[in-house]
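Novice: The lines below spell out each chain.
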Amino acid sequence: MCENCGCQSSEEIVKNSIYLPGVASLLKKQPMTPFDSFFEFALKDRPLGHLPGQFAEISIPGIGECPISISSPPSEEKTFQMVIRNVGSVTNAIHALKPGDSVGIRGPFGTSFPMNNLKDKNLLFITGGIGLVPARSAILYALEHRDDYKNIWILFGCKDPSQRLFTNELAKWEKREDITFHESVDRADGADWKGNVGVITTLFPKVQKEINPRDTYAIIVGPPVMYKFAIMGLHDMEFADDHIIVSLERRMKCGVGKCGHCQMDNIYVCQDGPVFYYDDIKHLKEAI
Amino acid sequence: MEILKISTNDFKSFIDKKIKESKTRTVGVVKKGAHYVFADLNSADELQLDYDVTILPPKKYFQPPKEILLKYVPKKVDSYTAVNRCDPITIIGIHYYDLAAIYLMDRAFSEGERDEHYMKKRENSLLIGIYPTKHFKDRFYRSVTRDQGLKVADIMLVQIGAYYVVEILTPKGKQYLEGAKLQKNDYSVKEIEEAKASIKDDQKIPIPVEMIPDYLARNHTHPAWAYFGEKCFSCGSCVLVCPTCYCFDVREEVELSLAEGQRVRTWDGCMLEDFATVADGHNFRSTRESRFRHRIFRKGKHLPEKYGYFGCVGCGRCADACTADIAGPVKVIKYMEEHK
Chain R
28 MCENCGCQSS EEIVKNSIYL PGVASLLKKQ PMTPFDSFFE FALKDRPLGH
78 LPGQFAEISI PGIGECPISI SSPPSEEKTF QMVIRNVGSV TNAIHALKPG
128 DSVGIRGPFG TSFPMNNLKD KNLLFITGGI GLVPARSAIL YALEHRDDYK
178 NIWILFGCKD PSQRLFTNEL AKWEKREDIT FHESVDRADG ADWKGNVGVI
228 TTLFPKVQKE INPRDTYAII VGPPVMYKFA IMGLHDMEFA DDHIIVSLER
278 RMKCGVGKCG HCQMDNIYVC QDGPVFYYDD IKHLKEAI
Chain L
79 MEILKISTND FKSFIDKKIK ESKTRTVGVV KKGAHYVFAD LNSADELQLD
129 YDVTILPPKK YFQPPKEILL KYVPKKVDSY TAVNRCDPIT IIGIHYYDLA
179 AIYLMDRAFS EGERDEHYMK KRENSLLIGI YPTKHFKDRF YRSVTRDQGL
229 KVADIMLVQI GAYYVVEILT PKGKQYLEGA KLQKNDYSVK EIEEAKASIK
279 DDQKIPIPVE MIPDYLARNH THPAWAYFGE KCFSCGSCVL VCPTCYCFDV
329 REEVELSLAE GQRVRTWDGC MLEDFATVAD GHNFRSTRES RFRHRIFRKG
379 KHLPEKYGYF GCVGCGRCAD ACTADIAGPV KVIKYMEEHK
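Quick note, the sequences are listed as chains R and L, same order.
Sequential numbering of the first sequence, starting at 28, is according to the working numbering.
Sequential numbering of the second sequence, starting at 79, is according to the working numbering.
Worth double-checking, as some hints may not be accurate.
[To be verified] The calculated EDC-like cross-link candidates involving lysine to aspartate or glutamate, where the alpha carbons are at most 20 angstroms apart (straight line), are:
hint, chain 1, residue 1, chain 2, residue 2
1, R, Lys148, R, Asp269
2, L, Lys229, L, Asp292
3, L, Lys95, L, Glu124
4, L, Lys418, L, Asp292
5, L, Lys83, L, Asp264
6, R, Lys233, R, Glu201
7, R, Lys309, L, Glu383
8, R, Lys125, L, Asp156
9, L, Lys83, L, Asp94
10, R, Lys42, L, Glu351
11, R, Lys71, R, Glu103
12, L, Lys144, R, Glu39
13, L, Lys153, R, Asp128
14, L, Lys229, L, Asp156
15, L, Lys154, R, Asp63
16, L, Lys149, R, Glu39
17, L, Lys154, R, Asp128
18, L, Lys153, R, Glu201
19, R, Lys312, L, Glu351
20, R, Lys148, R, Asp175
21, L, Lys138, R, Glu39
22, R, Lys42, L, Asp156
23, L, Lys149, R, Glu38
24, R, Lys312, L, Glu367
25, L, Lys144, R, Glu38
26, L, Lys252, L, Asp94
[Claimed, not checked] With the Cβ distance kept under 7 angstroms, some of the chain R side facing chain L (calculated, not the full set):
hint, residue
27, Glu39
28, Val41
29, Ser44
30, Gly89
31, Gly91
32, Val114
33, Ser129
34, Val283
[To be verified] Ranges between beta-carbon positions, derived for each pair:
hint, chain 1, residue 1, chain 2, residue 2, range
35, R, Glu201, L, Ser335, 51 to 57 angstroms
36, R, Asn119, L, Arg192, 32 to 38 angstroms
37, R, Lys309, L, Glu351, 23 to 29 angstroms
38, L, Asp280, R, Leu311, 51 to 57 angstroms
39, L, Asp403, R, Asp72, 51 to 57 angstroms
40, R, Pro61, L, Glu331, 31 to 37 angstroms
To be clear, the hints were calculated from the coordinates, so they are not data collected in a lab.
Just so you know, even glycine gets a beta-carbon here, dropped at the ideal spot from N, CA and C.
For reference, chain L alone in the conformation it holds in the complex (with noise of 0.2 angstroms):
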């Protein structure tokens, strides 16, 4: 890894130029009423690294709300046609647990069966991370992640005062930043550490994060469950601003002149009352309850068990949109905990 700095403003004209003379689309944290979120760049001016959270995770470059698998023409087997969008984007600003989800997403859709759609649109990705230089009330990941993040960044950015310090995690990152006015790092690493540090989490889970799945384990009886369910409104909030939610659906759009049709694949979620539910009509997953234990378990053991990573990143967004303000892992944890 390499370290240099770079000041704010020569970041921000460095930015300017890429996105005015760069044939690669520009994506950053922008300013939406009183919110944030990721966004096509027109210039650097609009670009808002000092930031609390975004209302959804960059995940939505690649695996978008909906996204065609399969063109064809309607009744014409022969005529399915497999295709992507997938043209090299560059994503500015992507905060450290945000990071650590597009890890686990990369585990997700490489693994096993490998699923093109996702990963080329991966492949042809820069990630430019921060660290968290704003507080956001339901954040809490310093508790639940640890190395994942530096695994898919490019570049980190840690800002100190009116510089940038610029880690380069990768050739391509290295080759992005050619022409930036960098500078030769002068700070020491426990001034970096502290600034990485500087915003420590509003929320914590209550017990360390390697004890949660066998912590569930033993408690899949809890009355945790009951007292949450019955206040869930299955509106699925949790499980669409999550970052490391990947379960979809697939569909099918035919255009009305009935020339034209694709089977589109669109954000689906375990929190949804059908979910589970197949032909005949059996719903495998019918209650409230069994489907908020069901997303607990995903993010606290399946997922752990199977990356040996914690599947949720303590981003906080599903406890923020949760209508009944109960979705939030360090609640649920909060309330087992003190009711043995």
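This is chain R alone, in the form it adopts within the complex (with noise of 0.2 angstroms):
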């Protein structure tokens, strides 16, 4: 009998659900920062798939599912790689996690940044704080296929210098003499750092000069508040809507474009998003 309503109804098994996740094993787990650690995750049956730019919905049965960015490119193609935020129950469980511990993926959902669109353009990365993820598979892609892509600028800012993702990749980027890379942070706090101090913004005067507007893609990350404040930037420099790209967090938890949680006045973030071009989402009122 069926608990829910006491009808006589008889269970079956759906073969084709939508929210049926996939079997992934964990091969390599490293902590970032105090909260974030980094994943790398195998599927068991099938390549992910993803283009740089998705995302996925990583559960443990009992505890849970949650939306997570995809941090690697695609040339992965057996593995795949996430940063993680221990922010909540499911993420605690995934924390916990030792390699050779399994997780449900299902995914990859969501549009990504049009990396074949911007051949031959110069690209600027404007990345705050976990935005990294997400952004760093687009990074990774054009650094793969550095001929394709002209000038590379990125810029990536984050709260204090505890809270830097890719420490090691940050200082690879750095030394690189064939992408420009700036980082900030909020605030120093007494930690040992010599580098910008200041939120994401500041760094916008040590590349404006270089920057050609009009050949030039802007793709923003980061968190909820910056984006305001980036695209205010990039029309200092004369950017044009259509030359800005975002990614919009929301709360996608379906990922099927279902159970309305991502909405954003008529869009539903998960598959409509989360990369958008600016121009596209600037009329609605719930986007930025």
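Since each chain sits alone in its own frame, please combine them into the complex, following the hints.
Specialist: In structure tokens:
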């Protein structure tokens, strides 16, 4: 008997359920900040097959499911990487996993950074905090296909030095001569930090003179508060709205455009986003 | 479409026989205290086709308030199994506006990523609709629905005196009625149409429904949102009784033994405070004003633009259920018109 409504209905198995996760195993795990850890997974029966900027739903039976951005470029066919902040029950349980343990994965979901359309253009990445995580999939893609793109500028900002992610990679980017990398922290808080201090937009004057806004696409990924100020800064640099690409976060609970939690006006961010041209969504009242 | 008629008594005996002889689950409108609800029928005597409105729409049979999506052994990822309860069901006495709502639900769950949990239940259902025969103070369905209800009904009943005119809309409906004492219809089209429209709506949206999407777009900053938002208790009653609200939450339920668990989906609604809150605590719709506006925009602009039909079917349940007496779309649009 059905325990919900008391009917005599029997239970049948749904083979093609959009809510049924596949099995992935944890290959590698590494702490990055006091709250964020790096994870590398492999799906058991197929490659994830994602594009830069997409996300997946990760779950542990009995704990729950949550959306997490994919941080690796698609070239890593057999594995995929995520950086997960320990903020809730699911992420807490994921942080307790050991290599060899399994998680459920649904996805990949959502739109991706239009890397093909950006060929032969300059790229300006503006990333804040864990916004670096999804942006990294596009940054690494662009670096792997370096000849396809002209100048690449990467700006990264976070709250304080303890929250810097991928520090080894940041150091490499800093040294590379074929890209320009700048970073800043909002507060140095007495830490041994000799770099820039200030919000991300304080880095704009460092690159402004080098950038031709007509031939450059800006890609913004960061906390909700960052978008408005970053876009205002880009407008000052005379960027057109169709040269600004944003990846927006919402509560993407189901990933398949049904549950409604990620709606932004009429848009379901999980399917129509998370990556948008700013020009396409600037008229939406709930977007930025 | 085939049009026949049956006496109300013969219809009742036929349904009674169906309930007792058929293995298919039969539900219909029954009396519960001073109200009406859709419930399982043990005999046709319980069936009350002359009713004002049911507390909840028949949506609950296709998207139950709580339904199991997955079963598993906790922490064993390879034990995930997707499950569904979708035995055949016949629902008798669905008012036209609730059929219109089912049409919208079908679109939402079948388009894009197809939701088999919902669609299997729908495919295994037979819908017998009826045009309302009793007033309901908050109803305004005639000003907001068009032909969509007829796209999902298998059979429609129109009461004229001691007879039902029976409109058979699908082969499934025809098959169901095999053995019923159907007679040749001798009512004129005019008589039937008059009977369908005999109960006038008590409420009416003051502007034509096809103008509402643009009307709302022009009124995003109208003082109505702050006015109604200030009165709203964020109780969610309006979205929980709504026949076209299909947003849901997904939760885990684990047995105390820790040997079995299930991922369940439950009704959720955009009027509840934490609906748009993300992991770090940021709430993308933190004010009552923004939530109130979103609900009206969804019904009046977003859904019509996506599906070509108004997102509210005019059942009036939200207006009736609202603790603060503000939820009804008629009231909202009237206020906007009066405060231009």
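Novice: Work down the list of hints and note, for each, if the structure agrees.
Specialist: Tested hints:
1. R:Lys148 x R:Asp269: holds (13 angstroms)
2. L:Lys229 x L:Asp292: Between Lys229 of chain L and Asp292 of chain L the Cα gap is close to 27 angstroms, so the pair fails against 20 angstroms, i.e. violated.
3. L:Lys95 x L:Glu124: holds (14 angstroms)
4. L:Lys418 x L:Asp292: holds (15 angstroms)
5. L:Lys83 x L:Asp264: holds (8 angstroms)
6. R:Lys233 x R:Glu201: holds (14 angstroms)
7. R:Lys309 x L:Glu383: With a Cα-Cα distance of about 18 angstroms, the restraint between Lys309 of chain R and Glu383 of chain L holds, given a limit of 20 angstroms.
8. R:Lys125 x L:Asp156: holds (17 angstroms)
9. L:Lys83 x L:Asp94: holds (18 angstroms)
10. R:Lys42 x L:Glu351: violated (35 angstroms)
11. R:Lys71 x R:Glu103: holds (15 angstroms)
12. L:Lys144 x R:Glu39: Since the Cα atoms of Lys144 of chain L and Glu39 of chain R sit roughly 17 angstroms apart, the hinted pair holds (cutoff 20 angstroms).
13. L:Lys153 x R:Asp128: holds (10 angstroms)
14. L:Lys229 x L:Asp156: violated (41 angstroms)
15. L:Lys154 x R:Asp63: violated (24 angstroms)
16. L:Lys149 x R:Glu39: holds (11 angstroms)
17. L:Lys154 x R:Asp128: Between Lys154 of chain L and Asp128 of chain R the Cα gap is close to 9 angstroms, so the pair holds against 20 angstroms.
18. L:Lys153 x R:Glu201: The hint is violated at about 42 angstroms.
19. R:Lys312 x L:Glu351: holds (19 angstroms)
20. R:Lys148 x R:Asp175: Holds, at about 8 angstroms.
21. L:Lys138 x R:Glu39: holds (19 angstroms)
22. R:Lys42 x L:Asp156: With a Cα-Cα distance of about 14 angstroms, the restraint between Lys42 of chain R and Asp156 of chain L holds, given a limit of 20 angstroms.
23. L:Lys149 x R:Glu38: holds (11 angstroms)
24. R:Lys312 x L:Glu367: Distance ~13 angstroms between Lys312 of chain R and Glu367 of chain L Cα, so the pair holds.
25. L:Lys144 x R:Glu38: holds (15 angstroms)
26. L:Lys252 x L:Asp94: It holds: about 18 angstroms lies between the C-alpha atoms, which stays within 20 angstroms.
27. Glu39: Since chain L brings a Cβ to about 6 angstroms from Glu39 of chain R, closer than 7 angstroms, the hint holds.
28. Val41: At 4 angstroms from the nearest chain L Cβ, Val41 of chain R passes the 7 angstroms test, so the hint holds.
29. Ser44: holds (3 angstroms)
30. Gly89: Status holds, d = 3 angstroms.
31. Gly91: Hint holds; Gly91 of chain R Cβ to chain L Cβ min 5 angstroms, cut 7 angstroms.
32. Val114: holds (5 angstroms)
33. Ser129: With a closest approach of 4 angstroms, the Ser129 of chain R hint holds.
34. Val283: With Cβ-Cβ at 4 angstroms, under 7 angstroms, it holds.
35. R:Glu201 x L:Ser335: 51 to 57 angstroms: For Ser335 of chain L against Glu201 of chain R, whose Cβ atoms are near 54 angstroms apart, the range 51 to 57 angstroms holds.
36. R:Asn119 x L:Arg192: 32 to 38 angstroms: holds (33 angstroms)
37. R:Lys309 x L:Glu351: 23 to 29 angstroms: Given a distance of about 28 angstroms, which is inside 23 to 29 angstroms, the answer is holds.
38. L:Asp280 x R:Leu311: 51 to 57 angstroms: Since Asp280 of chain L and Leu311 of chain R have Cβ atoms about 36 angstroms apart, the given range 51 to 57 angstroms is violated.
39. L:Asp403 x R:Asp72: 51 to 57 angstroms: holds (55 angstroms)
40. R:Pro61 x L:Glu331: 31 to 37 angstroms: holds (32 angstroms)
The structure is inconsistent with the numbered hints 2, 10, 14, 15, 18 and 38, although it conforms to all the rest.
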